[in-house]
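Could you put together the complete structure from these sequences and hints?
For the record, the sequence lines run as chains H and P. First residue of the first sequence: 11, per my numbering; consecutive thereafter. First residue of the second sequence: 49, per my numbering; consecutive thereafter.
Please note that the accuracy of each hint is not assured.
What the hints assert, rightly or not - Negatives, chain P to chain H, calculated, CB over 10 Å:
no.	residue
1	VAL215
2	ARG473
3	GLU541
4	ALA613
Said to hold, decoys possible - Label pairs and their in silico Cβ distance ranges:
no.	chain 1	residue 1	chain 2	residue 2	range
5	P	ASP611	H	SER225	33 to 41 Å
6	P	ARG557	H	SER225	50 to 58 Å
7	H	GLU55	P	ALA594	40 to 48 Å
8	H	ALA520	P	PHE534	48 to 56 Å
9	P	PHE534	H	GLU509	33 to 41 Å
10	H	ARG539	P	ARG428	46 to 54 Å
11	P	ASP611	H	PRO353	19 to 27 Å
What the hints assert, rightly or not - EDC-like, lysine to aspartate or glutamate: derived pairs with alpha carbons at most 16 Å apart:
no.	chain 1	residue 1	chain 2	residue 2
12	H	LYS469	P	GLU253
13	P	LYS615	P	ASP598
14	H	LYS469	P	ASP598
15	H	LYS450	H	GLU287
Hints are computed from structural coordinates only; laboratory data are not their basis. Even for Gly, the Cβ is constructed at its ideal location relative to N, Cα and C.
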Amino acid sequence: MSAYVIGVDVGGTFTDVFVWDEAEGRVTTTKVPSTRGDQSKGFIEGIGQLVATFGDIRTVVHGTTVGTNALLERKGARTGIVTTTGFRDVLEMRRRDRPTTWGLRGAYTPVVDRPDRREVAERVLADGTVMEKVSPDAVKAEAQALREAGCEALCVFFVNGYANAENERIAVEAVRSVWPNAYVTAATEILPEIREFERLSTATLNAYLQPVVSSYLDRLESGLDAQGFAGQVLIVQSNGGVMSVGSAKRTPVRTALSGPAAGVIAAQAIATAAGVENIVTCDMGGTSFDVSLVAGGTPALAPQTAIDFGLVVRSPMIEITTIGAGGGSIATVDASGLLRVGPESAGSDPGPVCYGLGNDRPTVTDANLVLGRINPDRPIGGKLDRLDIDAARAAIARDVAEPLGISVEAAAEAILALANAKMAGAIRLVSIEKGHDPAKFSAMPFGGGGSLHTGALIKDVGLRSALVPRFPGVTSALGCVVADMRHDRVQTVNRLLPEIDAGALGAEMAQAADETEALVLASGTTFDRIDRAYEFDMLYLGQTHTVAVPVEMGEGLTREAMQAAFDAAYRTAFGRLLEGIPMRVMNYRVTVIGRRPAFDMALFAPEGGVGAAEARTGTRRVWAEGAWHEAGIYDRLSLATGEAIAGPAILEQPDTTIFVDPGLTARVDRFGNLVIERTA
Amino acid sequence: MIDPVTLAILKGRFEQIADEMDATLFRSAFNPIIAEAHDASHGLYDAQTGETLVQGKSGLPIFVGVMAFAVKAVIEKAAERDGVAEGDVWIFNDPYDGGTHLSDFRLVKPVFRDGRLFCWLASVGHWHDVGGNVPGNYNPAATESFQEGMLIPPVKLYDRGTFRQDVVDILSANSRLPLSLYGDLNGQINALELGERRLHELLDEYGRDRAEEALAALKDRAATMMRAQIAQLPDGTVSAEDWLDNDGITDEPLRIALDLRIEGDRMVMDFSRSSPACAGPVNISRSTCVAACYVALKHIFGEVPANAGVLEPVDFVIDEGSLLSVTAPKPVGGYTETILRLIDVVFQAVAQIAPGPAMACAYGTINALSLAGHRADGRRWVMFSFFGGGHGAHGAGDGLNHGNAPISTATIPPLEILEAAYPVRFTQWALREDSGGPGRWRGGLGAVYEIELLEERADVFLFGERGKVPPRGVVGGDEGAPNRFFYQQADGEHSPPMVSKMIGIHIARGQRVRLETPGGGGYGDAFARPADEVLADVARGYVSEAAARDLYGVAISGGAVDDAATKTIRKEAAE
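Following this line, the structure appears as structure tokens:
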């Protein structure tokens, strides 16, 4: 009998399904069109293609964009805010920023309209003193009014709630007493951290998403149940860990970067299995290029991100740096005669000129096509039958080659060089800026387009190698299967180090960890083991930016240990310590990770396979380094372990095309990955 | 000649170096004006002339134009003394040479390659306190720069690699907040060291010759691009004038006037009709004036790059005796107000010939408000912050509510951080109704901030503008609401005689101050704004029903547009 663990990643265009049959030790994958409107349909259809009996499924792990899309398209539920008198505009006033430095043409639409933001008298001071107690009756009246106005969700947010949540707690109870509703959020329940706009924004977006994400998850579960499914559904969070459906319904804001996070987790797992500790993941889409850093086997986390201008979510997230360089990025020569690529993009619709869907300005994909890197007769993704290479050539000739006075090939290569330079810049930014040596990192491309550019990145940035997973097109779905369960918690402390009773603080943190662990265990998932991590946000008195300071709890916490940990972290970040200035502890953070049973990457090893000569399907003219080469074309998936191919060469597979630049060699490792390195 | 591809790539690499320097200082700075408000900047400057080669994208926009003057001042000083040596770092804050005001400390470092000077790196940051009569240095009553803070001419902080602690001792002794000063100084040194390392890595890879060729080519191209932008404007002269409320000493308005002449692909910005130098601190140096024009042009023509080439096709006419071109010791501490007005006149002039890319005036004042006092245990505290207002409307939309100033990318500190750090509580932090300038597109809303003192006593200082002459609209749009400030005393609420400028008023525990900031100007005729958009503004409380009727000609009753009445009002107005 089979026992399936299934990863499903629903993207804008495709739903990727990754099925791991634990009993048989087999993996199968498929890609089906995403069903907009109700993602659960395509989801269940995709699984149905690979699994005969839904009753055999133990776990389904899901990377979802339902939350992200609802935020970007402002399609969350009508939400009300009840807040402290005098502060109803905190959400709309943001941190007094603007979307772009130059050109004062910014606009901002808050997710909660002004009439739906109501005030009640109450006040807590910064030291936690309750100056004015909240009146439950006043709260009830405002809640009723919002309900009658048509709100489905509500966020209660009081100034300085992080220092004392008592008034918020009373208010939330009052709301629930007159309006029994699962979609009532107290800001400090979501984020008991100082900084009012960030806390309110995170909590409000959570409330705003709750009805949408909850109803989606309900539809998904009942759809699965109707097929006879009796297992467990888990949801991938932006921090790269999974959570139960119950947690996802309570804190949907944690799914804001669910899909991309799953991709990074998969990349980490693949690399770790292959013995590579340090990677930069490269996800190239139609409009953007996303990079993320995994150093020492651990993905970098960012404390907050903006999903869009003013839509700030503050909760730990896999740190993804996005630049405007995708396959659809448009190349132009500007008024000063300088070549530019992006940030303007034709996206995937209408897409590059060669798609023939209406765009006539040359893109990165058009350059790849003209230079022979892409097969015009076998477009990736299956949407088109063939690509119009003549139209691509004409567009590059008109918009780039002629204005610069160079050949079409040179122009196309220039477009790629510039796109590669931008990607290289993004990689430098995430690696070098953090003090890492790029020579110790490997690039891992995923998604459809990245594998065309990794060779250039090895050369430009001085990376050690590239590691192309066996199925780059379904990486995020694989990430769902391998992700651990993870819950993060934060609490503002905001006190000087010498004033802190370290023993008591340590006990409080251990207590928080116990509660968080209980949440992890309550999911009913099986774990190999549970890990805990403790961290402080600390700074010198007078600074406003904190440094993340990991600490070991061991036998309990001491001030000396905290100081030593801060010194080490500060020195790493900035080089020099500042003698004689006291330190402040802003927040503590607790993370509990339930390690799920490991997935054996050896399942990807090619079974049998053939030699390079046999896998060769033909040749194609490819332009590289200023000249045409007759490059061999290979069927990537039929290559046996250990086979090596020297560049220039093209390796094709249904979900991606890999270009091996001259001077590089690609070799199949025992997990089916392709390792591309400088030719020895 | 350098090939276009290498050039484009090197452009990105150079910009990244400056950006990384910005990021390093923001993360390690001590005072929130740098760390949160990003009142700092970094760049690479020409070895011989000091001209801007490349500047970071995340620093304060006004510095983009002004830093070249700072580097030039160091080049001249070094030439007078014993020349430029590897391992030197110069430090100074002289605003007459380097632009802006005394709070901005500049560190300037020559970068040598194989024993020869390759370029200069510079870092500027706004320090929390540099002495003078007023904590935080916004002294609206200053008549000489000596009352605004210490003035340090270019001196060496590092002499051939040796750190000069004596210089730091002098600086520290002259600040109310020496620890903050020390922290920011270290952050700026970190940034310069990082920039030098990155630059050498780039030169290792590309070589000196190619890098120099690229920098020269980038300058040429910036000039070409700016000329192309100017050539699209019709030839001829347009004029705009606007006013500062007063200089803080005498309550007389000061005129900023621009005659903008387009001649083919060149532009002349003539400020001759502006007021002469004034007694108070709203004067600026010529370098600051030029830099402000650059900021205004870049807001309108967004694609022009941040290097010296941009100003090549622009000529400036600025009278020596004008308030736009003063020398020591004329006070310049409030330079922000004057350059905001300069930007406003550029916007107003350009709107007459290029309404497409034009924007109405933004709120136009930095509103530097400080509250300072001593705690029960004797420790001094200084709460100092800039406050926001509305952006101007433009041809494609309403202005942004509660934005930051056009010369800055500053964010406002969280009120919870301020309350945790200082003995105050905010009683209001809200958008200001009816503050956006009416227009087909409405100006963004200003804000109301009200603060109550929780200690025994504090001194209050304010440096603001736009209290008398509100932000203007363009293309027929109306003006936003003016700046207003109130403070409580035992006998009730008061406003300062200089409207938005005030020093050393004492308030006691429980008393409040309230700042009501301007909205942005409107764009186009307010009576052409669709009635349903006006109704939505009323529903949101952005616009009152009275203003809807009087300023937009839209009658609203019972939460709906009264179509008949609206038609009548608008018809009458048209006749």
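These are the hints, each one checked on the structure:
Against the 10 Å criterion, P/VAL215 stays outside the reach of chain H, whose nearest CB is about 18 Å from its own CB. With a least CB separation of 6 Å from chain H, P/ARG473 falls inside the 10 Å interface cut-off, contrary to its annotation. No Cβ of chain H comes within 10 Å of the Cβ of P/GLU541; the nearest lies about 17 Å off, and the non-interface call holds. Every beta carbon of chain H lies more than 10 Å from that of P/ALA613, the smallest distance being close to 23 Å; the non-interface claim holds.
In this structure, P/ASP611 and H/SER225 meet the distance hint of 33 to 41 Å, their C-beta atoms being roughly 39 Å apart. Separated by about 52 Å at the C-beta atoms, P/ARG557 and H/SER225 satisfy the suggested range of 50 to 58 Å. At roughly 58 Å, the beta-carbon separation of H/GLU55 and P/ALA594 lies outside the given 40 to 48 Å, and the hint is violated. A hinted range of 48 to 56 Å for the beta carbons of H/ALA520 and P/PHE534 is consistent with their spacing of about 50 Å.
Here the CB-CB span from P/PHE534 to H/GLU509 is close to 37 Å, well matched to the stated 33 to 41 Å. Range check, H/ARG539 to P/ARG428: Cβ separation about 53 Å, and the 46 to 54 Å hint holds. For P/ASP611 paired with H/PRO353, a C-beta distance near 44 Å fails the hint of 19 to 27 Å. As the CA atoms of H/LYS469 and P/GLU253 are separated by approximately 12 Å, the hinted pair is consistent with the 16 Å bound.
About 13 Å separates the Cα atoms of P/LYS615 and P/ASP598, which keeps this hinted pair within 16 Å; it holds. Between H/LYS469 and P/ASP598 the alpha-carbon distance is near 66 Å, which puts this suggested pair outside the 16 Å criterion. Among the hinted pairs, H/LYS450 with H/GLU287 is consistent with the structure: their alpha-carbon atoms are about 9 Å apart, no more than 16 Å.
Hint check: violations occur at hints 2, 7, 11 and 14; the rest are consistent with the structure.
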